[in-house]
Amino acid sequence: MKINVFVTPKKNVLDPQGAAVGHALDSLGFKGLKSTRIGKLIELDLAGADSPDFRSKLDQVCRDLLSNPVIEDYRYEIVG
Amino acid sequence: MNIGVLQFPGSNCDQDAFHLFANGLGLPTRYIWHKDTTLGDVDLVIVPGGFAYGDYLRCGAIARFSPVMKAVAAYADKGGLVYGICNGFQILCEAGLLPGALIRNSSLEYRCVMCDLTVEASTPSFSPSVLGPTVKLPIGHGEGNYRIDEAGLARLEANKQILLRYQSNPNGSLSDIAGIRNEKGNVFGMMPHPDRAFERFHQSRDGLAVSRAVLATKFPELLAKTA
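First to last, the sequence lines map onto chains A and B. For the first sequence, this note's numbering assigns the number 1 to the initial residue and increments by one for each residue that follows. For the second sequence, this note's numbering assigns the number 1 to the initial residue and increments by one for each residue that follows.
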């Protein structure tokens with residue numbers, strides 16, 4: 001089973017890295033940017049099948065390790 | 001009084017912290033390895049600066065799950081004194097032993113400068129009446145930008161959990177916060193380095209008084225020596 005976990009800075013947490021890249025995009029002539037936010041993509045490949053029990057374990061590791069709920073949100077997609 | 005200094009792969013201020021407590025303050029000090037599951041007989045656990053586990057994923061995120069941190073959490077839960085410096089502060093936040101989180105400096109730069117810090121009246125020993133209104137300690141970090149939600153900040157203020165504030169904010173930290181303690185008052189964390197401010201050749205020797213103020217939470221007799 002392949003899972004993509006996306007971890008992004010929370011909407012109300014400032015993202016200095018995203019802001020700096022936004023400035024660079026603007027100076028490249030990429031105009032009209034309202035916001036640039038940078039997160040992480042974590043690709044997991046594991047044995048086993050999807051189930052409610054598996055989802056709750058996945059949510060738990062997303063909260064405990066893969067993201068920090070104080071500053072980040074996460075979501076995941078099961079891609080294969 | 002026994003001091004324990006944690007050592008993670010990637011810690012790089014463990015020896016500085018050891019030197020501060022062993023030779024600067026003259027206290028029995030030993031290292032505690034990250035794979036240890038018990039702390040032994042200690043009165044203060046130092047979580048030192050550096051880049052524990054390469055700071056992969058987020059600063060402190062992996063260190064939090066090392067065997068020794070379970071023992072530190074149990075020790076803190078029983079009221080044991082814990083003191084995180086720089087990366088140690090980040091680890092304690094990740095471990096949930098201190099509230100909030102530290103993100104990338106707003107400048108995106110690694111900042112290595114001497115800072116004037118306003119001492120807040122936080123505890124009987126960590127206060128301007130003991131330390132003076134300002135202390136000088138150096139920082140050296142890329143991720144010292146303290147973040148917490150509005151309700152969390154209000155709780156920090158109401159419980160007097162803020163220890164130190166930057167007089168000139170080097171990293172974008174919310175409310176100029178440089179260091180905090182937990183609500184119970186036995187877990188301390190700060191980005192500035194007392195372990196780089198105690199030798200005669202250092203620009204400041206305030207690291208001694210600041211560290212004594214933390215220790216005096218449990219050992220008030222130390223304050224007599226501060227004078």
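These aren't lab readings, by the way, just hints derived from the structure by calculation. Being a predicted model, the structure only gives us computed values, none of them experimental. Glycine included, C-beta positions come from ideal geometry on N, C-alpha and C. Errors might be hidden in some of the hints.
Chain B stretches covered by chain A per the calculated footprint, using a threshold of three residues with CB under 8 Å from any CB of chain A [claimed, not checked]: (1) 52-64; (2) 144-153; (3) 174-181.
Cβ-to-Cβ under 10 Å is the rule here; a few derived chain B residues that face chain A [as the list claims (entries may be wrong)]: (4) 25; (5) 26; (6) 28.
* Hints violated by the structure (listed by number, smallest first) -> Numbers 3, 4, 5 and 6, in rising order.
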